[in-house]
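J.: These are the residues of each chain, in order.
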Amino acid sequence: MRCQSLLPHARMNSAPRLALRDITKTYPGVIANEDIDLTVLPGEIHAVLGENGAGKSTLMKIIYGLVQPDAGTVLWEGRETRIASPAAARRLGIAMVFQHFALFETLSVAENIALALPDAPAPAALAERIRATAEDYGLPLEPQRPVHELSVGERQRVEIVRCLLQSPRLLILDEPTSVLTPQAVETLFTTLRRLAAEGVSLLYISHKLDEIRALCDRATVLRGGRVSGHCRPAGESADSLARMMIGAELPQTRLSANNVRREPKLVLHNLSRPADGPFGTALHALQLSVHSGEIVGIAGASGNGQSELLQALSGEATLAQADMVQMLGAPVGRLGAAARRARGLGFVPEERLGRGAVPALDLAANTLLTAAGDGLVRRGLILRPTVRRYAREIIKRFRVKCHGSHALARSLSGGNLQKFIVGREIAQNPEVLIVAQPTWGVDVGSAALIRERLIDLRNRGVALLVISEDLDELFSICDRIAVLAGGRLSPLRHTSATDSAEIGRWMAGLFPTETTHVPA
Amino acid sequence: MNDWLPILATTLAAATPLIFAGLGELVTERAGVLNLGVEGMMLIGAVSAFAVASSGGGLLLGTLAGIGAGMAASALFALLVLHCLANQMATGLALALFGVGLSAFIGRDYVSHVLDGVSGYTLLDGLPPLDPFIVGSLGLFALVQWFLYRSRGGLVLRAVGESPSTAHALGYPVRLIRWAAILFGGACSGLAGAYLATDYTPMWVEGLSAGRGWIALALVVFATWKPARLLAGAYLFGGVTILQFHGQALGLAVPSQFMSMLPYLATIVVLTLISRRGHAIRLNAPASLGQVWHPDS
Numbered sequence: 001m002r003c004q005s006l007l008p009h010a011r012m013n014s015a016p017r018l019a020l021r022d023i024t025k026t027y028p029g030v031i032a033n034e035d036i037d038l039t040v041l042p043g044e045i046h047a048v049l050g051e052n053g054a055g056k057s058t059l060m061k062i063i064y065g066l067v068q069p070d071a072g073t074v075l076w077e078g079r080e081t082r083i084a085s086p087a088a089a090r091r092l093g094i095a096m097v098f099q100h101f102a103l104f105e106t107l108s109v110a111e112n113i114a115l116a117l118p119d120a121p122a123p124a125a126l127a128e129r130i131r132a133t134a135e136d137y138g139l140p141l142e143p144q145r146p147v148h149e150l151s152v153g154e155r156q157r158v159e160i161v162r163c164l165l166q167s168p169r170l171l172i173l174d175e176p177t178s179v180l181t182p183q184a185v186e187t188l189f190t191t192l193r194r195l196a197a198e199g200v201s202l203l204y205i206s207h208k209l210d211e212i213r214a215l216c217d218r219a220t221v222l223r224g225g226r227v228s229g230h231c232r233p234a235g236e237s238a239d240s241l242a243r244m245m246i247g248a249e250l251p252q253t254r255l256s257a258n259n260v261r262r263e264p265k266l267v268l269h270n271l272s273r274p275a276d277g278p279f280g281t282a283l284h285a286l287q288l289s290v291h292s293g294e295i296v297g298i299a300g301a302s303g304n305g306q307s308e309l310l311q312a313l314s315g316e317a318t319l320a321q322a323d324m325v326q327m328l329g330a331p332v333g334r335l336g337a338a339a340r341r342a343r344g345l346g347f348v349p350e351e352r353l354g355r356g357a358v359p360a361l362d363l364a365a366n367t368l369l370t371a372a373g374d375g376l377v378r379r380g381l382i383l384r385p386t387v388r389r390y391a392r393e394i395i396k397r398f399r400v401k402c403h404g405s406h407a408l409a410r411s412l413s414g415g416n417l418q419k420f421i422v423g424r425e426i427a428q429n430p431e432v433l434i435v436a437q438p439t440w441g442v443d444v445g446s447a448a449l450i451r452e453r454l455i456d457l458r459n460r461g462v463a464l465l466v467i468s469e470d471l472d473e474l475f476s477i478c479d480r481i482a483v484l485a486g487g488r489l490s491p492l493r494h495t496s497a498t499d500s501a502e503i504g505r506w507m508a509g510l511f512p513t514e515t516t517h518v519p520a
Numbered sequence: 001m002n003d004w005l006p007i008l009a010t011t012l013a014a015a016t017p018l019i020f021a022g023l024g025e026l027v028t029e030r031a032g033v034l035n036l037g038v039e040g041m042m043l044i045g046a047v048s049a050f051a052v053a054s055s056g057g058g059l060l061l062g063t064l065a066g067i068g069a070g071m072a073a074s075a076l077f078a079l080l081v082l083h084c085l086a087n088q089m090a091t092g093l094a095l096a097l098f099g100v101g102l103s104a105f106i107g108r109d110y111v112s113h114v115l116d117g118v119s120g121y122t123l124l125d126g127l128p129p130l131d132p133f134i135v136g137s138l139g140l141f142a143l144v145q146w147f148l149y150r151s152r153g154g155l156v157l158r159a160v161g162e163s164p165s166t167a168h169a170l171g172y173p174v175r176l177i178r179w180a181a182i183l184f185g186g187a188c189s190g191l192a193g194a195y196l197a198t199d200y201t202p203m204w205v206e207g208l209s210a211g212r213g214w215i216a217l218a219l220v221v222f223a224t225w226k227p228a229r230l231l232a233g234a235y236l237f238g239g240v241t242i243l244q245f246h247g248q249a250l251g252l253a254v255p256s257q258f259m260s261m262l263p264y265l266a267t268i269v270v271l272t273l274i275s276r277r278g279h280a281i282r283l284n285a286p287a288s289l290g291q292v293w294h295p296d297s
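In order, the protein sequence lines correspond to chains C and V. Mapping the first sequence onto our numbering, position 350 (from 1) lands on 350, and the numbers just tick up by one. Mapping the second sequence onto our numbering, position 214 (from 1) lands on 214, and the numbers just tick up by one.
Next comes chain C alone, as it looks inside the complex:
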């Protein structure tokens, strides 16, 4: 590896907070970690970089006590330690923000946080502490809200605040920025830098190479379960980091001009909806049209009406008036999900497990869920060999890493499952495709593949609507972009005619309101 071996600068004399030596963990048939060395100093922000399957998650689970290594030693503040359980890890001062959130859905924010604190104060005092900490670090939270009503972004805030209240000495963050606005990422970085200045060590796992370069002091790169290099990210370019991580050039996504005849395929006309539950957001007279051969992006932090809009589009919720949603010129607002799909709608929901796929069913059965109309069923009977072939085709075309069409949906990593779900929807040749958070928690290679396939679809004349919190992504694949904030839609701009600073301001609700025509 070209990357130079680095001596930890400036803090040479202090014992490392955490040092892993020759950590090896083998699962039947897979070597998850092999001879991993990792040293984290006090007050250091240390990045762990790697593709899905590179062994990052296993390594973090070892540090957090969820998994025991087969070989190797763990040194905590200079002493050899066995981290036998998460409780033991927490006693040492290790806290973790999970990628798949470890939250209890039916409990409130405050209750979730109380469960992670060994000596939680009385509810009122705790709520006050949560509010104070959340304000202090710029992560506003309402302690009494039940978690099931929170958006993905808000849930992550709960996890981060929960960790902060534990006064950790080592904080592990697994892809913490994947759902944050640029401004919120800045706030988070301020928080993390402040924690580091206070002496907290941070292990920062991310695919976002620019962020790692901006934030992290040192990086350990994993590939195929082994350390493929150490480096100081600030001295590297995103390309050189990507080469270390995937052993190849960073895939580029670019929009090319296409000359598909442009006609509106999806039109929202004064789309209004009451809020879902007391903490949801009502939609106010949304106007939007998506033409064939274009990708329209809707930016905005989740919780601003995103879930209400997605339900209105997918048909999970029917609307007051049929013409509020028009597809291919026909009003479909009163139709359910199946009827809209039959007319050529494809839909990739935000929640992969539970909405996009049934966790306990295999990939073939999950294919059948939405693609049954594609000749997979005859006279009410399932054509099993056809279904398997169909699923295998998706697995091949989208390079889904799994044990074939028999693999259970829940056994796939987030990125692989997303590739499969996107593949399943694309395979049905939709006229209109709605995608929520296309690459959330997905590694660089898979994300590039998904974006490329979405652009292919656009070039074939499909109308795509992408709802995402990842602005970089929206700017790289969208023709036009709008912001959904507080249940209202901003003006729609060509991506070339705006920039992330303006969109960021709009995400805070500061956009000009266009004259909306009042229905007669």
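Just so you know, the hints here were simulated from the structure itself, not pulled from any lab data. Among these hints, one or two may not hold up.
Heads up, incomplete: computed chain C residues facing chain V, CB under 8 Å, no partners named [what the hints assert, rightly or not]:
1. Ala84
2. Ser85
3. Pro86
4. Ala102
5. Phe104
6. Ala114
7. Leu117
8. Glu186
Treat the numbers as computed from the prediction; the structure is a model and nothing was measured. Ideal Cβ placement from N, Cα and C applies to all residues, glycine included.
With chain C's structure known, arrange chain V on it following the hints.
T.: Just chain V now, with coordinates in the frame of chain C:
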């Protein structure tokens, strides 16, 4: 006024076994364990309490025997579902059937024996005496309500029922907590049985509980796992049971079979109406209810 007091008293009495058994099952289910064996545990508790009381053990010892027997039956259930990872529904049904048979077997020698019943405490002159079991059922309700929503232990219990693997990741002893919840449920069912056998109808007959264990199970679901709604449901059931007796006494020309069905029907209809609004059942149901969980899975 004086006409209504007996009706009120009998309503409270009819609701009491449902409150005991229902609260116990509610706590068990809140920990994510579905124990369908309530009817069996009630009967085992009832026959044990009756046997001890009628053999000269007295009411207190009899009640304790009922509680202990209910716990023993639930311990068997806990061993099977928590350690042998048996299917909770099948094991619970087996326990219900086992309890019916075992209680009939033990109770052979006691059929048609009669106990003296319980003398209540007189609180105020002119009011009927208070039955200690009825007072106890209200106390238990207050205790469960406080435990579930005010104490840290209750929060941990609800967390375990919601997601055992997350609770495990946070370092909570999931299996131990479920053991405790199952034993509490068994104790409550045993207590309900003891009340039926020594106080409500102080006489042993086979199948004494007459399906109350199943009604208690239904109440827990229709009450959307909330103690206060469970209490309301139990009193509704009690009230209609008593109205049915009075209806017969007044000579209403309704078949008695229909009248006997009425309490069950009314309870289910009203509680269904209550839980219809929103997604109450889906939201309040402990997410891991009935699922086998193992720390290494």
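J.: Each hint needs a verdict: does it hold in this structure or not?
T.: Here's how the hints hold up against the structure:
1. The criterion of a C-beta within 8 Å of any C-beta in chain V is not met by Ala84/C, whose closest approach is roughly 10 Å, and the hint is violated.
2. Given the 8 Å rule on beta carbons, the hint for Ser85/C holds: about 6 Å separates it from the nearest Cβ of chain V.
3. For Pro86/C, the suggested interface contact is upheld, since its CB lies about 5 Å from the closest CB of chain V, less than 8 Å.
4. Proximity of Ala102/C to chain V holds as hinted, the smallest CB-CB distance being about 5 Å (cut-off 8 Å).
5. Nearest Cβ of chain V to the Cβ of Phe104/C: about 4 Å, under the 8 Å cut. The hint holds.
6. With a least beta-carbon distance of about 6 Å to chain V, the hint placing Ala114/C at the interface is held under the 8 Å criterion.
7. Annotation: interface hint on Leu117/C violated; nearest CB of chain V at approximately 10 Å, more than 8 Å.
8. A distance limit of 8 Å between C-beta atoms decides the matter here; for Glu186/C the minimum to chain V is near 30 Å, and the interface restraint is violated.
In terms of the numbered hints stated before, the structure departs from hints 1, 7 and 8, listed from lowest to highest.
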